[in-house]
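Taken in sequence, the protein lines are chains A and B. If you count by the numbering used here, then the first sequence holds residues 1 to 203, one letter each, in order. If you count by the numbering used here, then the second sequence holds residues 1 to 203, one letter each, in order.
Please keep in mind that the hints were generated in silico from the structure rather than gathered at the bench. Careful, some of the hints might be misleading.
Stated by the list, open to error - Straight line, CA to CA, 20 Å or less: simulated SDA-like cross-link-like pairs of lysine to any residue:
| no. | chain 1 | residue 1 | chain 2 | residue 2 |
| --- | --- | --- | --- | --- |
| 1 | A | K19 | A | R31 |
| 2 | A | K19 | B | Q52 |
| 3 | A | K19 | A | R41 |
| 4 | B | K19 | A | P142 |
| 5 | A | K19 | B | R31 |
| 6 | A | K19 | B | H39 |
| 7 | A | K168 | A | E145 |
| 8 | B | K19 | B | H35 |
| 9 | A | K19 | B | S28 |
| 10 | B | K27 | A | G113 |
| 11 | B | K19 | A | Q45 |
Note that the coordinates shown come from a computational prediction; the quantities given were computed from them, not determined experimentally.
There are 2 protein chains.
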Amino acid sequence: MSPSGHPVDALGALVEALKHLPGVGAKSAQRMAYHLLQHDRPAAQQLAHALQTAVSQVRHCARCHTFTEQPVCLTCLDPARDARQLCVVETPADQAALERTGSYRGLYFVLMGRLSPLDGIGAQAIGLPELIDRVWDREGVPVEEVIVATNFNAEGEVTAHVIAEALKPRGVRVTRLARGVPVGSELEYVDLGTIAHALSERR
Amino acid sequence: MSPSGHPVDALGALVEALKHLPGVGAKSAQRMAYHLLQHDRPAAQQLAHALQTAVSQVRHCARCHTFTEQPVCLTCLDPARDARQLCVVETPADQAALERTGSYRGLYFVLMGRLSPLDGIGAQAIGLPELIDRVWDREGVPVEEVIVATNFNAEGEVTAHVIAEALKPRGVRVTRLARGVPVGSELEYVDLGTIAHALSERR
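Work out the full structure: start from the sequences and follow the hints.
See the structure below:
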């Protein structure tokens with residue numbers, strides 16, 4: 001909003017548009033707009049271009065639902081990966097975290113969300129029917145194990161439970177990431193729920 | 001960065017571009033990119049358009065240096081304002097805050113920054129020569145009082161001092177916003193520096 005009270009100017013429109021970014025309120029949006037216009041107009045143009053390119057180019061992989069610019073993503077097309085394992089994650093960021101460990105060579109299915117009935121996000125929205133089709137698909141190498149790597153919070157646990165219930169009758173092995181004490185941590189400072197899980201799942 | 005390690009894709013370019021926004025790091029940029037692409041592509045297009053429009057349309061007012069789409073901003077052109085008073089502020093946000101009080105009817109000069117020698121921001125960068133020209137300008141109504149409303153932190157105080165030193169020899173009255181106890185506050189919770197100022201500047 002301009003100081004003279006003309007909200008539909010270019011600067012006001014930019015502040016309004018920036019407020020659509022998650023975690024950005026009125027004050028942050030104004031600070032961002034002033035910074036870009038005063039100190040970094042090339043960055044503003046670069047961002048405008050990147051937004052348009054991404055909106056027009058980025059779609060979802062037909063097999064794993066992650067973001068990609070091809071019909072099927074490079075991970076799904078990689079012949080070196082083990083197609084017998086399918087890891088189910090909530091977001092591409094979770095997939096990237098698993099990839100960085102370097103200890104998983106199977107394929108992925110990205111839900112692009114989690115079950116959250118209160119927000120109207122049901123099984124359709126997270127692609128559960130497509131996941132079942134994907135596991136049931138007998139064209140290529142059959143999936144032998146589905147590793148559910150949703151988050152360990154309430155919504156992630158419910159999502160994992162629903163996925164396991166949907167897949168178990170189909171004869172596929174459904175596993176979940178192990179819960180336990182994080183690497184490098186001291187027992188004194190680990191929360192009790194985690195210690196209880198680590199104790200009951202000791203090996 | 002895509003999980004497959006192809007950093008120059010459209011999604012990676014968008015994350016990189018978002019990192020240029022002030023206060024946005026790698027994780028926030030990724031979250032913003034995922035949110036826009038998964039849930040709000042119209043907002044992404046709106047933001048791209050707003051950025052381009054603002055970069056091409058928004059310039060600085062020739063008289064007060066604030067952001068405007070005209071050669072001279074609407075505030076400076078307003079004949080109802082008192083041209084004998086000139087309020088010096090750091091940013092358009094400060095100007096907007098003063099306007100919202102409804103208790104100032106003079107004109108403004110917006111520094112678009114503050115003196116910060118360590119960051120290489122000197123008198124030229126904040127437009128001090130233009131401010132002196134503006135005060136000295138004998139074409140229109142002469143400026144009788146310059147109200148320095150820079151922030152009350154170290155850099156704002158230095159900026160105020162330099163402006164006062166530059167203007168005082170020219171015979172113009174230079175004032176500063178009053179320091180004191182904020183409205184609605186209880187003395188017990190006000191910092192000691194503020195109370196000391198309020199005491200020494202009592203009236």
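Now for the hints, and whether the structure bears them out:
no.	hint	result
1	K19/A to R31/A	holds, 11 Å
2	K19/A to Q52/B	holds, 16 Å
3	K19/A to R41/A	holds, 19 Å
4	K19/B to P142/A	violated, 41 Å
5	K19/A to R31/B	holds, 14 Å
6	K19/A to H39/B	holds, 15 Å
7	K168/A to E145/A	holds, 11 Å
8	K19/B to H35/B	holds, 15 Å
9	K19/A to S28/B	holds, 14 Å
10	K27/B to G113/A	holds, 17 Å
11	K19/B to Q45/A	holds, 13 Å
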